[in-house]
Amino acid sequence: MRVNCIINGKNRSFDVDASMRLRELLELNGNIAVRDSDDNEGFCGSDTVLVDGVPVYANLVLAGEVEGCEIRTPDGLADSRHLTVIQQAMIDAGVVQSAYNAPAAALLLTWLLENNPNPSKEEIKDALSGIFIRDAGYEHYYLAVKLAREKMESGEYRTAPAPSFRENLKIVGKPASKIDGPQLVAGEKAFVEDFVDPHSCYMVVLRSPHASAYINSIDTSEAEKVEGVVKILTAYNTPDTHYMQAGQGNPEPSPHDRRLFNLKVRHVGDRVAAVIAETKEAAEQARDLIKVSYEVLPAVFTVEEAMAEGAPLVHNGIVEYRSGAPADLDEYNSKAGDPREGKVIYQFPLHADIHKNIAASNKGGIGDIDKAFREADAVVEHTYQTSQIQHTPLEPHVCFAKMEAGRLVVVASTQVPYHVRRIVGWVTGLPENKIHVIKTRVGGGYGSKQDILVEDLVGYASYVTGKPIYYRNTREEEFIANSTRHPMRVHVKMSGKKDGTITGIFMEVCANTGPYGNHCLTVPMNSCSKTLPLFKCDNMYYDLKVYYTNTPPAGAYQGYGTPKGTYGLMMAMAELSEALGCDYKEMVLKNHVEEGYMLEILKGLGEGREGNVVPVGSCGLREAVLKGCDMIQWGKKEVSDDPDWKIGKGFAMIMQGSGLPGLDHSEAIAKLETDGTVILNSGGADLGTGLDTISAKICSEVLCMPLEKITVVSGDTDSCAFDTGAYASSGTFFSGNASLEAAKLLKSMILKEAAFQLGEKEEDMFLVEPGAVKSKATGKVLTYAELSHTACSGTGHGQMIAHGNFVTAASSVPYGAHFAQVAVNVRTGEIKVQKFYALQDAGTPINPEIALCQMYGAVMKSIGHSLYEDMKLDKNGKCINANMTDYGVPMITEAPEDFKSVLIDVNDDYGPFGAKSISEIACNGAAPAIGMAIHDACGVWLRDWPMTPEKILKGLGKI
Amino acid sequence: MEAKLTFKLNGKTVSIKTDPLRRLLDVLRDDFKLTGVKEGCSEGECGACSVLFNGKIVTSCIIPIGAADGQEIMTIEGVSATEGGKIIVDAFADGGAVQCGFCIPGMVIAAYYLLSNNPDPTEDEIRLGISGNICRCTGYDLIVESIKLAAKRGEKIWKK
Chain R
4 MRVNCIINGK NRSFDVDASM RLRELLELNG NIAVRDSDDN EGFCGSDTVL
54 VDGVPVYANL VLAGEVEGCE IRTPDGLADS RHLTVIQQAM IDAGVVQSAY
104 NAPAAALLLT WLLENNPNPS KEEIKDALSG IFIRDAGYEH YYLAVKLARE
154 KMESGEYRTA PAPSFRENLK IVGKPASKID GPQLVAGEKA FVEDFVDPHS
204 CYMVVLRSPH ASAYINSIDT SEAEKVEGVV KILTAYNTPD THYMQAGQGN
254 PEPSPHDRRL FNLKVRHVGD RVAAVIAETK EAAEQARDLI KVSYEVLPAV
304 FTVEEAMAEG APLVHNGIVE YRSGAPADLD EYNSKAGDPR EGKVIYQFPL
354 HADIHKNIAA SNKGGIGDID KAFREADAVV EHTYQTSQIQ HTPLEPHVCF
404 AKMEAGRLVV VASTQVPYHV RRIVGWVTGL PENKIHVIKT RVGGGYGSKQ
454 DILVEDLVGY ASYVTGKPIY YRNTREEEFI ANSTRHPMRV HVKMSGKKDG
504 TITGIFMEVC ANTGPYGNHC LTVPMNSCSK TLPLFKCDNM YYDLKVYYTN
554 TPPAGAYQGY GTPKGTYGLM MAMAELSEAL GCDYKEMVLK NHVEEGYMLE
604 ILKGLGEGRE GNVVPVGSCG LREAVLKGCD MIQWGKKEVS DDPDWKIGKG
654 FAMIMQGSGL PGLDHSEAIA KLETDGTVIL NSGGADLGTG LDTISAKICS
704 EVLCMPLEKI TVVSGDTDSC AFDTGAYASS GTFFSGNASL EAAKLLKSMI
754 LKEAAFQLGE KEEDMFLVEP GAVKSKATGK VLTYAELSHT ACSGTGHGQM
804 IAHGNFVTAA SSVPYGAHFA QVAVNVRTGE IKVQKFYALQ DAGTPINPEI
854 ALCQMYGAVM KSIGHSLYED MKLDKNGKCI NANMTDYGVP MITEAPEDFK
904 SVLIDVNDDY GPFGAKSISE IACNGAAPAI GMAIHDACGV WLRDWPMTPE
954 KILKGLGKI
Chain G
579 MEAKLTFKLN GKTVSIKTDP LRRLLDVLRD DFKLTGVKEG CSEGECGACS
629 VLFNGKIVTS CIIPIGAADG QEIMTIEGVS ATEGGKIIVD AFADGGAVQC
679 GFCIPGMVIA AYYLLSNNPD PTEDEIRLGI SGNICRCTGY DLIVESIKLA
729 AKRGEKIWKK
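Residue numbers (the working numbering), protein chains in the order written: chain R, 4 to 962; chain G, 579 to 738.
No wet-lab data here; the hints were simulated from the structure.
The reader is advised that the hints may include incorrect statements.
[Claimed, not checked] Derived lysine-lysine pairs resembling DSBU-like cross-links, with alpha carbons at most 30 angstroms apart:
| no. | chain 1 | residue 1 | chain 2 | residue 2 |
| --- | --- | --- | --- | --- |
| 1 | G | LYS586 | R | LYS283 |
| 2 | R | LYS500 | R | LYS639 |
| 3 | G | LYS730 | R | LYS294 |
| 4 | G | LYS634 | R | LYS294 |
[Stated by the list, open to error] Here are some chain R residues the structure puts well away from chain G; computed CB gaps all over 10 angstroms:
| no. | residue |
| --- | --- |
| 5 | ILE9 |
| 6 | ASP197 |
| 7 | SER224 |
| 8 | ALA314 |
| 9 | GLU407 |
| 10 | ASN884 |
All C-beta atoms, glycine included, are put in the ideal place defined by N, C-alpha and C.
Could you build all of it, start to finish, from the sequences and the hints given here?
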């Protein structure tokens, strides 16, 4: 059928199929910013367009329905060189981060202000109520509207988008437009899906319907007959290489316990086969024709089931060690089961025992914990349980790979381009010089894209077939075959004296890593190493065990174990304060660490090796606590007019790290181009967090030149230098410091070359704005353009290229405190977060407006896991809420009514210009703060998240 | 806008000239007078308008008729004329599964699909099998029992 419509003001005519969706039609028309992030579910709003002036989800409208209609799409607003006031205001407010939904949000705000130039907060909320934002939170969208309205009215902003820091610096610590903002907000080519070559093949994966089973046989004969099928990969025709998918430093503290395809499937959704075909339809048709014979095995889903005597074993094959093998390994291996189990290979011992489903363990501590408990005035002992959470990045895991001139090119949405290259190299057998990983913009990562979950398979498939291949997880696959937050059982025993001194802390952590051991040691370890050092306590002990189970896999998720540890420890501390009859705030002030305190507890908490005992460095913890208490009026009891609603308050101390000292490694290359501009090749992986902008600002500050004269090229393994990647909150601290090293070195090269060219002494040279060298002795000025031109002319010294390499043993820890005021309805159990104040010490916030939005976004994620999110498995291990609607992430309507992020001003000795990390730490506070506030409101301690109305009513004895 | 559409309906090839964006449900009820297909919620939730589309259950209220071109549709009228369908209908009547009856055509379609693919379902599997169908009268138990009865009575047919 023929459809005639107007798209962004142009008449268009299409032949469409009756069941074609409007989004597909718009894709044909080149409107790439109308994206799909929920498989046509109508939840996320990435597919928002205006049809005859009304916002609709283009996936839920049939193309045939728009006959005669006028359609506006996000990319029709403006191009990146001519942004609208609203688009620019969004960038300036800091909400354009990973930005998969930023173009759609820009369209909605445009629609709102066109129809209602002076909208109320409620009207803005209503306009954005159908769009899901996971990265930047929703709070600064109100600011974006305010900024846009100011500029429309008076031609300039009257409100500062964020506070400024460091008067002595020109651009670092000041709000400035994110350098990749225009491209992202305008909806131009940015993500992997935008760089897929025409006529590429499509790959789909056949996944296990069983939580645990051996594969007896796979019959692909019927599937191969489908026209267009290129290749079907299974365990029978792929390499026997064991590896793991966690993007961690090599050698990894995770076991190599999987192959591309295994002959034992270990969770519902595990890979069984991959079909590569000329079209998606052919690939799906062929997948349905693959016949698999399974020998179904009993499975375990919880740590309790996994640790039970005689429990089914998730891994029961041969164990090998690359180093540190125990003497009795042969005897251990004599108990190995079916050869289809495969192997588990440790790079070094993780204190694992696969015959007991233990993937890793660790224990240690300081002082005499038993004595502390014996001599205490009160001891509390409780268990805190957390659920399995999915990151739900708007852009699912996606990869495009092709062979080009004998090399494998992998276009990836990743936090770890160099780990992708290494692991794809292991799987294909290609050396690193034959693999080119190109990181595009990342449409949301949050830790899930630290793992090489699809690139291994797509890269291998492209290498063996020689074909360009595109693959994209469905939303269901994001839940069942991806990575998730480890469910944990955190048992805490804590003792104290009547004066509020904490005398002993014991933490027993049982974590569920799922079927494979990605991050199995380090995530649970973080739940101790990023919590116990909050306390000045001489007797602390931890004991952690990590279990294999047959749930969907777990992995890295923003916060990396710390949210669970913080939930347990801070809740236990609040319970102890109640038992001791002490004021919780006074207890916090009495026991928290301060600058210079020696952290002996870290000795045993390295990443699989001895940890660094270091003193506490820059620390804004006390200020955060005191300021937050003032803001929320700690100690003042709030009373609702409605007797059903009870109001309470709570807060939690939080900390994280800034990368891994001694393990993380970042490099950057700064080049002075012939016209005096700079190209900075950063190994760092900006995943929407503004890391490229940080690198550019650092370079701009050091070289006294404007931001627009610096271009950052990052995440490209061919042109950049090595970087371990964006994880462990390392981006600003490590990659930023590498850019600082490169910029400083380039500065010294510029000074030296200027002295040579002017025939003067180097010590007389200094840099002046906007990019020139001046002589103190003669007053002569040489612009970078003149300098570089001469250096690169026929007789010069050549281009000035500086290589920065950053490694450190220093540990810069961000601290903070998160406060919640919660209302609980004691009749219905309903919970409302009325106020949330996040106060954090990030050192010098290099991009303050983006930093604030990272805090809002992280808090929203953690309100999500505290109150709503929970992957539910049925008795066979199938996730029954593997879609956005049933899983239930927080939307703008779930945001706290009074929501503030505050940056505590502390300078750090080691961070670039004093900066520390900002975003992961912000996931740690909500659960304990809300949990305490619930208790303060209605007297119920909720010791398992999500804290739901049902659990409130059970706690109140009403059901 | 009209298109000529040809498809198989309850085993017979039929043709119709109509707007391809009309709902399959409306075409079945209004043009082919197959009024056993019921309209409940109009949003694909309640299952009353279920039909088999190339052998799979779909809710006909959210399918444009254009999508049926060249495909195969079975409605309750077609299903209840089959040997298996008759057994299910009788089992529903004998088992007391029917009260107001509005959801029953959809329930029969769901039961037919279930037993055709899983001749000996567990109770959980039966409940999962009718999880897309809302019944407001019975509380489901007697429907589940009736499907068990149909599984038993039609043992030989389902296992074919």
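Beyond 10 angstroms from every chain G Cβ - status for ASP197(R): holds, 29 angstroms
Just to be careful, I want the Cα atoms of LYS586(G) and LYS283(R) compared with a cutoff of 30 angstroms; is the pair within it? holds, 26 angstroms
Find the nearest Cβ of chain G to the Cβ of ILE9(R) and say whether that gap is larger than 10 angstroms. holds, 17 angstroms
Does LYS730(G) pair with LYS294(R) here, judged by a C-alpha cut-off of 30 angstroms? Holds: LYS730(G) and LYS294(R) sit about 29 angstroms apart, inside 30 angstroms.
Would you say ASN884(R) is clear of chain G, with no C-beta pair closer than or equal to 10 angstroms? Non-interface label on ASN884(R) holds, nearest chain G Cβ at 14 angstroms vs cutoff 10 angstroms.
Would you mind confirming whether the straight-line C-alpha gap from LYS500(R) to LYS639(R) stays at or under 30 angstroms? Answer holds: LYS500(R) to LYS639(R) is near 25 angstroms, not above 30 angstroms.
Starting from LYS634(G), check that the Cα of LYS294(R) is at most 30 angstroms away, please. Holds, because 20 angstroms separates the two Cα atoms, which is no more than 30 angstroms.
Least C-beta distance between GLU407(R) and chain G, which was stated to exceed 10 angstroms: Check passes; 39 angstroms lies beyond 10 angstroms.
Can we trust that ALA314(R) is non-interface, i.e. its beta-carbon lies farther than 10 angstroms from all of chain G? Holds: least Cβ distance 24 angstroms, greater than 10 angstroms.
SER224(R): least C-beta distance to chain G exceeds 10 angstroms? holds, 23 angstroms
Consistency note: the structure conflicts with none of the earlier hints.
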